[in-house]
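Chains as they are written, first to last, in the numbering used here: chain F, 1 to 287; chain P, 288 to 552.
Just so you know, the hints here were simulated from the structure itself, not pulled from any lab data. Keep in mind it's a predicted model, so treat the numbers as computed, not measured. Every residue, glycine too, gets a C-beta built ideally from N, C-alpha and C. Just to be clear, a hint being listed does not mean it is correct.
In silico SDA-like cross-links for lysine to any residue, where the CA-CA straight-line distance does not exceed 25 angstroms [to be verified]:
1) P:Lys-464 with F:Phe-11
2) F:Lys-8 with P:Phe-466
3) P:Lys-383 with F:Thr-279
4) F:Lys-204 with P:Phe-294
5) F:Lys-3 with P:Ser-457
6) F:Lys-133 with P:Asn-318
7) F:Lys-204 with F:Leu-276
8) F:Lys-204 with P:Ser-441
9) F:Lys-204 with F:Val-176
10) F:Lys-204 with P:Tyr-292
11) P:Lys-383 with F:Leu-271
12) P:Lys-464 with P:Leu-357
13) P:Lys-383 with F:Leu-276
14) F:Lys-206 with F:Val-98
15) F:Lys-8 with P:Phe-462
16) F:Lys-3 with P:His-384
17) F:Lys-94 with F:Val-188
18) F:Lys-206 with P:Ser-375
19) F:Lys-3 with P:Gly-442
20) F:Lys-133 with P:Phe-324
21) P:Lys-501 with P:Trp-418
22) F:Lys-204 with F:Met-281
23) F:Lys-8 with P:Trp-388
24) P:Lys-501 with P:Ala-533
25) P:Lys-445 with F:Asp-6
26) P:Lys-383 with F:Ile-269
27) F:Lys-204 with P:Ser-375
28) F:Lys-206 with F:Leu-175
29) F:Lys-3 with P:Ser-375
30) F:Lys-204 with P:Gly-442
31) F:Lys-206 with P:Gly-442
32) P:Lys-383 with F:Tyr-278
Far from chain P, by Cβ distances over 10 angstroms, these chain F residues were calculated [as the list claims (entries may be wrong)]:
33) Arg-60
34) His-63
35) Ile-70
36) Val-156
37) Trp-194
Derived list of chain P stretches under chain F, where covered just means 3 residues or more per stretch with a C-beta under 8 angstroms from a C-beta of chain F [unchecked claim]:
38) 369-381
39) 401-407
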Amino acid sequence: MKKTFDNKAWFLVLPVFLMVLFNSLIPLMTVVNYSVQETFGNNEFFWSGTRWFEQVLHDRQFHESLMRQIIFTGLVLLIQIPLGLAIALCMPRKGPWVSVCLVLIALPLLVPWNVVGSMWNIMALPDIGLLGKAINGLGISFNYTRQPLAAWFTVVLMDVWHWTSLVVLLCYAGLVSIPDAYYQAAQVDGASRWSVFRYIQLPKLKHVLTIAILLRFMDSFMIYTEVIVLTGGGPGSTTKFLSIDLVQKALGGFDLGPAAAFSIVYFLIILFLSWLFYTLMMRGEAK
Amino acid sequence: MRWRYVFLFIYILFLMLPIYWLLNMSFKTTNEILGGFSAFPREFTLASYRTIFTDPTWYNTYINSITYVLINTVISVMVALPAAYAFSRYNFIGDKHLFFWLLSNRMAPPAVFVLPFVNLYSAVGLFDTPWAVALAHTLFNVPLAVWILEGFMSGVPKELDETAYVDGYSFPSFFVKIFIPTIAAGIGVAAFFCFMFSWVEMLLAKNLTSVAAKPIVAAMTKTASTSGYELGLLAAAGVLTLIPGAFVIYFVRNYIAKGFALGRV
Numbered sequence: 001m002k003k004t005f006d007n008k009a010w011f012l013v014l015p016v017f018l019m020v021l022f023n024s025l026i027p028l029m030t031v032v033n034y035s036v037q038e039t040f041g042n043n044e045f046f047w048s049g050t051r052w053f054e055q056v057l058h059d060r061q062f063h064e065s066l067m068r069q070i071i072f073t074g075l076v077l078l079i080q081i082p083l084g085l086a087i088a089l090c091m092p093r094k095g096p097w098v099s100v101c102l103v104l105i106a107l108p109l110l111v112p113w114n115v116v117g118s119m120w121n122i123m124a125l126p127d128i129g130l131l132g133k134a135i136n137g138l139g140i141s142f143n144y145t146r147q148p149l150a151a152w153f154t155v156v157l158m159d160v161w162h163w164t165s166l167v168v169l170l171c172y173a174g175l176v177s178i179p180d181a182y183y184q185a186a187q188v189d190g191a192s193r194w195s196v197f198r199y200i201q202l203p204k205l206k207h208v209l210t211i212a213i214l215l216r217f218m219d220s221f222m223i224y225t226e227v228i229v230l231t232g233g234g235p236g237s238t239t240k241f242l243s244i245d246l247v248q249k250a251l252g253g254f255d256l257g258p259a260a261a262f263s264i265v266y267f268l269i270i271l272f273l274s275w276l277f278y279t280l281m282m283r284g285e286a287k
Numbered sequence: 288m289r290w291r292y293v294f295l296f297i298y299i300l301f302l303m304l305p306i307y308w309l310l311n312m313s314f315k316t317t318n319e320i321l322g323g324f325s326a327f328p329r330e331f332t333l334a335s336y337r338t339i340f341t342d343p344t345w346y347n348t349y350i351n352s353i354t355y356v357l358i359n360t361v362i363s364v365m366v367a368l369p370a371a372y373a374f375s376r377y378n379f380i381g382d383k384h385l386f387f388w389l390l391s392n393r394m395a396p397p398a399v400f401v402l403p404f405v406n407l408y409s410a411v412g413l414f415d416t417p418w419a420v421a422l423a424h425t426l427f428n429v430p431l432a433v434w435i436l437e438g439f440m441s442g443v444p445k446e447l448d449e450t451a452y453v454d455g456y457s458f459p460s461f462f463v464k465i466f467i468p469t470i471a472a473g474i475g476v477a478a479f480f481c482f483m484f485s486w487v488e489m490l491l492a493k494n495l496t497s498v499a500a501k502p503i504v505a506a507m508t509k510t511a512s513t514s515g516y517e518l519g520l521l522a523a524a525g526v527l528t529l530i531p532g533a534f535v536i537y538f539v540r541n542y543i544a545k546g547f548a549l550g551r552v
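Bound-form chain F, shown alone (with noise of 0.2 angstroms):
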């Protein structure tokens, strides 16, 4: 659609830009403000310079988080996606149980972050627990609350069932907008099912799949609430993640200076990351 050209348009925008601006950069300057000064409480404050941010950069726990973070959010990824998109090709097109399918499908993400991880927890309890009895059934022994590959596997299990949903259902949109006359060439043709879907599907994927990628990265980087509850980043700190470690500095530990240069550390790597992968894939697309 071709789009006329007025700066009278930005009277529509302002709302949303004074309340956005209101609720991100306050607070933003705030988070700043904090990173380069110390506090020995009374309102006074000192330059500190760079010192929180050094701090930070050298501080073991900050890295083991890091990379306890980047294996999370690697492995959520490697599973989500693939399956993600396989269910998305297993759904019905037309007919009465592509609404049942739809809705079953999206109730996980319904339900409050707190409430899947109680649920999780109660699942995988050894004793009592649907999750963990089984597990334990099969001679194998498994307790979340003292082993941390079981803890791991939980907490990873926990987010294949909140968020592969997401996938599923930017997947089936796309899949569905695709048009019949494609499948019809194809057919045509004499397209085997493969081909039909490394030919045509995949590449009109290419937009939502980037889209998938982008919001499963960025909210499995964020995760606090589902891990808090499930784990509280146990046992010992084997499934703190990022989000756990800066509330923990910022709520628990008073420590406003390391924990505000923390979070624009944790919000860079986050914008940074997320600008990689989105040129990567444009790039790809410009080709």
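Following the hints, complete the assembly by docking chain P onto the known chain F.
Just chain P, lined up with the frame of chain F:
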């Protein structure tokens, strides 16, 4: 063709199992839950639900949650409507930068914003009110609403606007009487997403309230951490948090796939 549906069925079964387990536990007595493993409640009881519906410290938290979610949904959609119209119909100085700046707020971890939000909303005197949570959640919901609505509005041909102006409609009356009914489905989808993301968020909702406006998600973590034994109650509260979501999703079931497809990054 049949293996496709088998695979789909197994996946949906996997999605339903934890929900079933929660439902199962909510009908058990705490003794029965801790007493051992059973796939069905043996002594079926509604005691947990009765506690929640009769104890004001429980049911008030539901009312609080629904209050801020509704305020948030209304505000987000109201401010997003004119902005989305502007993005879909006009070019103006800085439009692309503004759009991406809005979306970048979706990338900010809530954990980063907790502390400054507590300071900010205490300073303006809104701490521990539903307004604080509703306004804080607009940080990620307003950009999302603009994004979804812009997609729907771009699908409406511009001739509609032009014909209306020729017929003598002013901009406000055209917008309210003709344009909004035309994109009703889009508004429904945007409202659904705002409702959903505000309803499921806990970190900000919990830290921006203390007693008066305590949301259900905060009330539940308390049960989970302090006593640790009221699992029946916890399960019942969890089941009740699923109802608004299931209710809302039923209304937009025909548009949900479409709503997801419209995103343009």
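Status of the hints after comparison with the structure:
| no. | hint | result |
| --- | --- | --- |
| 1 | P:Lys-464 with F:Phe-11 | 20 angstroms, holds |
| 2 | F:Lys-8 with P:Phe-466 | 19 angstroms, holds |
| 3 | P:Lys-383 with F:Thr-279 | 16 angstroms, holds |
| 4 | F:Lys-204 with P:Phe-294 | 23 angstroms, holds |
| 5 | F:Lys-3 with P:Ser-457 | 19 angstroms, holds |
| 6 | F:Lys-133 with P:Asn-318 | 18 angstroms, holds |
| 7 | F:Lys-204 with F:Leu-276 | 22 angstroms, holds |
| 8 | F:Lys-204 with P:Ser-441 | 20 angstroms, holds |
| 9 | F:Lys-204 with F:Val-176 | 11 angstroms, holds |
| 10 | F:Lys-204 with P:Tyr-292 | 23 angstroms, holds |
| 11 | P:Lys-383 with F:Leu-271 | 17 angstroms, holds |
| 12 | P:Lys-464 with P:Leu-357 | 24 angstroms, holds |
| 13 | P:Lys-383 with F:Leu-276 | 19 angstroms, holds |
| 14 | F:Lys-206 with F:Val-98 | 23 angstroms, holds |
| 15 | F:Lys-8 with P:Phe-462 | 16 angstroms, holds |
| 16 | F:Lys-3 with P:His-384 | 17 angstroms, holds |
| 17 | F:Lys-94 with F:Val-188 | 22 angstroms, holds |
| 18 | F:Lys-206 with P:Ser-375 | 23 angstroms, holds |
| 19 | F:Lys-3 with P:Gly-442 | 13 angstroms, holds |
| 20 | F:Lys-133 with P:Phe-324 | 8 angstroms, holds |
| 21 | P:Lys-501 with P:Trp-418 | 12 angstroms, holds |
| 22 | F:Lys-204 with F:Met-281 | 14 angstroms, holds |
| 23 | F:Lys-8 with P:Trp-388 | 20 angstroms, holds |
| 24 | P:Lys-501 with P:Ala-533 | 23 angstroms, holds |
| 25 | P:Lys-445 with F:Asp-6 | 15 angstroms, holds |
| 26 | P:Lys-383 with F:Ile-269 | 23 angstroms, holds |
| 27 | F:Lys-204 with P:Ser-375 | 24 angstroms, holds |
| 28 | F:Lys-206 with F:Leu-175 | 11 angstroms, holds |
| 29 | F:Lys-3 with P:Ser-375 | 8 angstroms, holds |
| 30 | F:Lys-204 with P:Gly-442 | 19 angstroms, holds |
| 31 | F:Lys-206 with P:Gly-442 | 21 angstroms, holds |
| 32 | P:Lys-383 with F:Tyr-278 | 16 angstroms, holds |
| 33 | Arg-60 | 20 angstroms, holds |
| 34 | His-63 | 18 angstroms, holds |
| 35 | Ile-70 | 15 angstroms, holds |
| 36 | Val-156 | 14 angstroms, holds |
| 37 | Trp-194 | 15 angstroms, holds |
| 38 | 369-381 | holds (count 11) |
| 39 | 401-407 | holds (count 6) |
Hint violations for this structure: none, all hints satisfied.
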